[in-house]
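Could you build the full structure based on these sequences and the hints that come with them?
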Amino acid sequence: MSISTFDTTFKPLPKQRRFDLQGRTFTTLAGLAALFIALMVAVIMGNIILNGWSSVTWEFLSGAPREGMTRGGIFPAIYGTALLVLLMVMALVPFGVGAAVYLQEYADQTAWSTRAVRFAVNNLAGVPSIVFGLFGLGFFIQFLGAGIDRALGLDVVYGKPALIWAALTLAMLNLPVVIVTTEEALKTVPREMREASLALGATRWQTVRHVLIPQAMPGILTGAILAISRGAGEVAPILFTGAAYFLPFLPSSPTDQFMELGYHIFVLATQSPDIDATRPLLYGTVLVLLALTFLLNLTAITLRARMRASLAGRS
Amino acid sequence: MRIWRFAVYAILLTSALVLTRCAQKSDARPVTVKGSDTMVILVQRWAEQYMGGHPGAVVQVTGGGSGTGIAALINGTTDICQSSRPMKDEERAQMKAKFGRDPSEILVARDGLAVYVNEANPLTEITLAQARAIYQGETENWKAIGGSDAPILLYSRENNSGTYAYFKEHVLDGGDFSARAQTLPGTAAVVNAVSKDVNGIGYGGDAYAKGVKMLALKRDDASPGVMPTDATIHDGSYPLARGLFYYLRGEASPPVKAFIDHCLSVEGQKLVAEVGYFPIAKAAP
Amino acid sequence: MSVLRPGIDPLSHRRLQRLREGVIEWALRACAFAAVAGLLLIIVFVFREAMPTLLNPATPKEASLAGFFATPLWQPVGDVPKYGLIPLLVGTLKVVIVAMLFATPLAVLAAVFSSEFATPRLREALKPIIEILAGIPSVVMGFFALIVLASWLQAVTGSSMRLNALNAGIALGLGVIPTVFTVAEDALRAVPKSYREASLALGASRWQTAWNVSLPAASAGVGAGVLLGLARAVGETMIVLMASGNAAITSATVFDSVRTLSASIAAELAEVVMGSPHYSVLFFLGALLFLVTFVINVAAGVFVVRLRRRLAGT
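Note that the protein sequences, when read in sequence, are chains C, W and E.
Sequential numbering of the first sequence, starting at 1, is according to the numbering used here.
Sequential numbering of the second sequence, starting at 1001, is according to the numbering used here.
Sequential numbering of the third sequence, starting at 2001, is according to the numbering used here.
Source of the hints: derived by calculation from the structure; they are not laboratory data.
The C-beta atom is built at its ideal place from N, Cα and C for all residues, glycine as well.
There could be a bad hint or two in this list.
Once the Cα atoms are required to be at most 27 Å apart in a straight line, the calculated DSSO-like pairs of lysine-lysine come out as [said to hold, decoys possible]: (1) Lys2082/E to Lys1096/W; (2) Lys1088/W to Lys2082/E; (3) Lys1210/W to Lys1282/W; (4) Lys2082/E to Lys187/C; (5) Lys1218/W to Lys1143/W.
Which bits of chain E does chain W cover? Going by a derived footprint, with three or more residues having C-beta under 8 Å, they are [unchecked claim]: (6) 2158-2165; (7) 2242-2250.
Listed below in structure tokens is the structure:
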């Protein structure tokens, strides 16, 4: 008889199988904790879906708000969110991927400068989102924006809340996410790939550009998608850096203000002129935002799972 | 990996197409109006009316509180500040220091600041002194002023609100609000809270009073209770009659002036009454 | 791979390539240092705008450090502005305590369940649920607390104030659960199988093993998770802004409305004139928040290092 793999579901000997009250109670408690969490999630999602789903019509998604936000749709908010997130990704991905590539491929892991960068990345991730909002106001709008206005002799074009500043603030907020996921992805590329490429005479950058980044693409995409999901959901950083409640036109330049889904939910829930009448619109907006972030997260998770599976298959 | 590249390009291309097709180019530089939540429903209607009659013109209205509007005016990020309270001397001084001239003040409508209670509340009138005692936390139970035996729940506005500042100055005589007053971000939120809370009391512009009862205000115990009507606002018998203002820095540029003229026109002033406020001039009998 | 073009001698081509490589490396290094620069800029700008409250002699005394504790009221707008920090500190503390008391047992117990008792199928079912919870934006959580949770809590507890510390605390706790759960569960799973097997071999029950062996072994990781959750709770803005009532009340009961540091900044920053004392005070609040979360995050980092060392050492 061969010794099979060690089985940890070790059954106690008959004389020890007495009713372990303490153990049973705590096991049940632990299970109930998990169940309670699952229940709360179901309740929240259920409440939003049930109350919101009748509001989400094509008209809702493509129309503009009317009559003090009691009728009409939220297209400007969807548009604003999309534009915001697009600008954010354009600013974020080059820096994030560049930083991750540097940390993984070029940096001396023991040097204090490398450790400083990692320390900065970890702590940037922990900064409260409202402090990012303060930073956006104090640095981007009042320092950079006002400076640009002064330099170009403009009245007040850049030194006020605008799409570009909100996008840059969000980009800083999400930098750690992209750096960490890209590093994770680069780590999964086997050493042999790098060695083979270098052995064939490629320079380090050529290796990175033609071998590593394409291989790490799923991870990079995961990071970008997670960043987009967070960017669409965070409201505190854009409160003073560009979001507006009602604009009669769509933003067409980076210095315009914009409507945004999360901000719209916040204002509708706390400040709308007729709270009962706007409730359907409010629930609909919440459902749209939730569906958006949910889909994005699902895509990111699937990508990550696929990446891990292909890694397992490879080795 | 090829499919990923294709997918990314496809997504970028479609987004670019969709976004550029949707962006409407507005010719005129938008007129920005920021400030009072009390006035925002009125000014938004004015803006819709104005833009309807002047295609190509764009007026952008945001709330946030009179304090926010005044700050925006001083910071230079808005053309017009809508305010439900007059600017303070320090604020005028700041404007003078920054722009070299005093701000222009334009009265655009009148409002009666109302005190709301829940529709089930038996009271119908209140003196200013009683309102002060309640909001400063000295009176904590409804029975002290003739209501039922229940604690009074205070609803107030955030400190950036012109309504908050006006109430503080004219009802509390500059005193402090009780710390127990729950601060809500807009008059609508105050009305909503009071309509759902039998023991609640709130204050705000009278145009918002749906689903709540407005109390008649008495200057003191001996005066009669007065409700805000066109007559009482214009002849001064309503104790909390206030002006709603526009503030500008210096002279108005032509698009701004055109919008303000519209608000002050006969058509604009008629809209004021529709929304629930009171026009500058007394309505013809 | 670049092809040697005829006419260029190999040596200068190599030099050009080396130059290009050097430039690219510097560009990438700049990207990495952008992260450091970002953090430094945040510190510099937030603290710079907050400095007037502490240093400038022209600051009115109510907006200075002494003024923060001289008055029990937070009423920054008025003829005599009052910047009492005590109600804000008490409010933040109350909400954070409620949130951590609610979230920590739930998240840690669920993590223990997932790593020690659950069948693989249950574990795979629990993971997406936690990920969904993690993916709910805080504004949506705040919305839920404002519209739905507050009414339920009021019906159950009969409190007079609908939006209070309990409401905000529970919603905040829900938002923090995924953070604590994920880190704690990772830590528990990282405990070597041999520990568990040894314990079970000695006759301990599943629960005894979990409580006396796995959990202590993973304690640094679980601690790190709790600390990270705490940092998130302290810094969270939207949930408390919408669900706490925003009244600067100093009291011991959770059934009163509260006003937190983060919500005050969010509610008042739009109205301040740049450079005014109120503006500096709000940046001071931001600097305070930053410091607190920074310290907590560094502590969590220390815990993680300790965890790695302990597991690697055996």
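Hint by hint, here is what the structure shows:
1. Lys2082/E to Lys1096/W: holds (26 Å)
2. Lys1088/W to Lys2082/E: holds (18 Å)
3. Lys1210/W to Lys1282/W: Cα-Cα ~24 Å, so holds.
4. Lys2082/E to Lys187/C: Roughly 54 Å between the alpha carbons, so the hint for Lys2082/E and Lys187/C is violated.
5. Lys1218/W to Lys1143/W: Holds, at roughly 18 Å.
6. 2158-2165: Satisfied; 4 residues make the cut.
7. 2242-2250: holds (count 6)
Violated hint for the displayed structure: number 4, the only one.
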